[in-house]
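S.K.: This is what each chain is made of:
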Amino acid sequence: MKKEKVLVIIPAYNEAENIKKVIDEIKKDINFADILVINDCSKDNTLEVLEENNINYITNIYNMKYAMSIQTGIKYAKENDYDYVIQMDADGQHIAGEAKKLYEHMLRTNCDIVIGSRYLKDTGYPCPLFRRIGTKIFEVMIRLFCHKKIADPLSGFQCLNKKVIREYAKMGAYPEFPDANLIVEMLYKGYKIEEEPVKMRLRESGESMHGGIIKPIKYMINMFYTVCFIVIQNIGRKRVK
Amino acid sequence: MKNGVFIVLTVIISLYIFLEVRSKKFSIKESFYWMMAALLMLILAIFPYSIDTIAGWLNISYPPSLLFVFCILFLLFINFRNSKKISEMQERIVELEQNLTLVKAKQDKKK
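Each protein sequence line maps, in turn, to chains A and B. For the first sequence, counting from 1, position 28 maps to 28 in this note's numbering; every step adds exactly one. For the second sequence, counting from 1, position 5 maps to 5 in this note's numbering; every step adds exactly one.
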């Protein structure tokens with residue numbers, strides 16, 4: 001029987017303080033998976049940490065931001081014929097042991113995408129109010145337009161199968177923030193998406209890409225507009241079952 | 001019914017933007033500002049006297065000039081944003097070309 005190839009992709013930007021711990025955890029808890037860190041032109045010594053610890057990595061030619069780094073990792077997975085991809089953050093929020101749960105869920109249910117959800121069950125994740133409201137808005141939108149309950153549509157902690165790897169790799173306009181918008185699009189395309197309750201930690205050090213006041217507001221407007229646009233685009237089109 | 005023309009015009013503009021995005025010639029993100037401008041036009045077409053009220057608040061004696069101010073500001077904003085994007089892209093292209101040159105040089109050495 002062919003052994004299934006699993007790749008954990010970790011986009012990293014200025015994560016020198018966290019990356020080593022994240023990788024050690026992955027090596028311990030999901031030792032069957034390969035690791036790929038996508039160093040997004042970090043200005044700190046992330047690159048040195050990766051080299052010192054002999055971690056498999058690629059460095060972007062310029063600072064491509066989070067989403068493009070993810071897509072680079074997915075393209076790498078496609079090129080190297082991986083069967084599954086697990087997306088994890090480099091800031092230590094995502095726990096490797098929980099990633100294993102996503103992978104097992106995928107094998108069990110044979111779905112296309114498994115999202116690591118903080119809100120499906122009470123996992124004790126201390127979520128800021130603004131983020132909780134945002135999550136709720138998109139949860140309602142997805143339920144309304146796609147008739148599917150996704151409790152944590154803003155979670156980047158996901159496991160993808162080969163079909164999705166191919167779909168994402170060929171996407172010309174991979175979204176800047178691949179969250180609720182991508183879920184809506186994939187649901188319209190007929191992909192099967194499920195959730196698995198997972199525990200997550202709060203970031204220990206470094207700066208979040210959604211930090212400050214302006215960035216989350218811009219993110220919310222952008223996401224809301226994009227989701228509405230995708231929904232309008234699909235009005236009248238038959239949903240793939 | 002004079003406003004009807006502007007309402008139809010706005011709907012046509014919105015539809016055009018929408019179809020451009022749908023046919024992947026324009027990104028959803030970039031369409032945002034144009035759609036917002038179309039929406040503003042639609043509001044002004046439906047409630048034409050709102051421009052008089054806003055002009056009153058801003059002490060502008062000739063309300064139509066406020067429309068020109070809005071248009072000029074919007075176009076300046078779009079123009080500035082485009083210039084910024086072009087600069088960023090130029091930098092990226094140079095970086096990509098340099099990297100490609102280095103990769104090619106490495107390959108040539110191997111031969």
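It is possible that part of the hints are untrue.
[What the hints assert, rightly or not] Computed list of lysine-lysine pairs in DSSO-like fashion (alpha-carbon distance at most 27 Å, straight line):
1) K111/B to K170/A
2) K85/B to K189/A
3) K25/B to K75/A
4) K78/A to K163/A
5) K25/B to K136/A
6) K24/B to K78/A
7) K25/B to K218/A
Think of the hints as simulated: they come from the structure by calculation, not from any bench.
S.K.: All hints are to be evaluated individually against the structure, with a verdict given for each.
M.R.: We went through each hint and held it up to the structure:
1. Between K111/B and K170/A the alpha-carbon distance is near 32 Å, which puts this suggested pair outside the 27 Å criterion.
2. The straight-line distance between the Cα atoms of K85/B and K189/A is roughly 32 Å, outside the 27 Å bound, and the hint therefore fails.
3. Pair hint K25/B plus K75/A holds up; C-alpha atoms about 23 Å apart against a cutoff of 27 Å.
4. With a C-alpha separation of about 10 Å, the suggested pair K78/A and K163/A falls inside the 27 Å cut-off, and the hint holds.
5. Restraint check for K25/B and K136/A: not satisfied, since their Cα atoms lie roughly 32 Å apart, outside the 27 Å limit.
6. For the hint pairing K24/B with K78/A, the CA-to-CA distance comes to about 23 Å; that is within 27 Å, so the pair holds.
7. A C-alpha spacing of about 24 Å is found between K25/B and K218/A, which places the hinted pair at or below 27 Å, so the restraint holds.
Violated hints, listed in ascending order, are 1, 2 and 5; each of the other numbered hints is respected by the structure.
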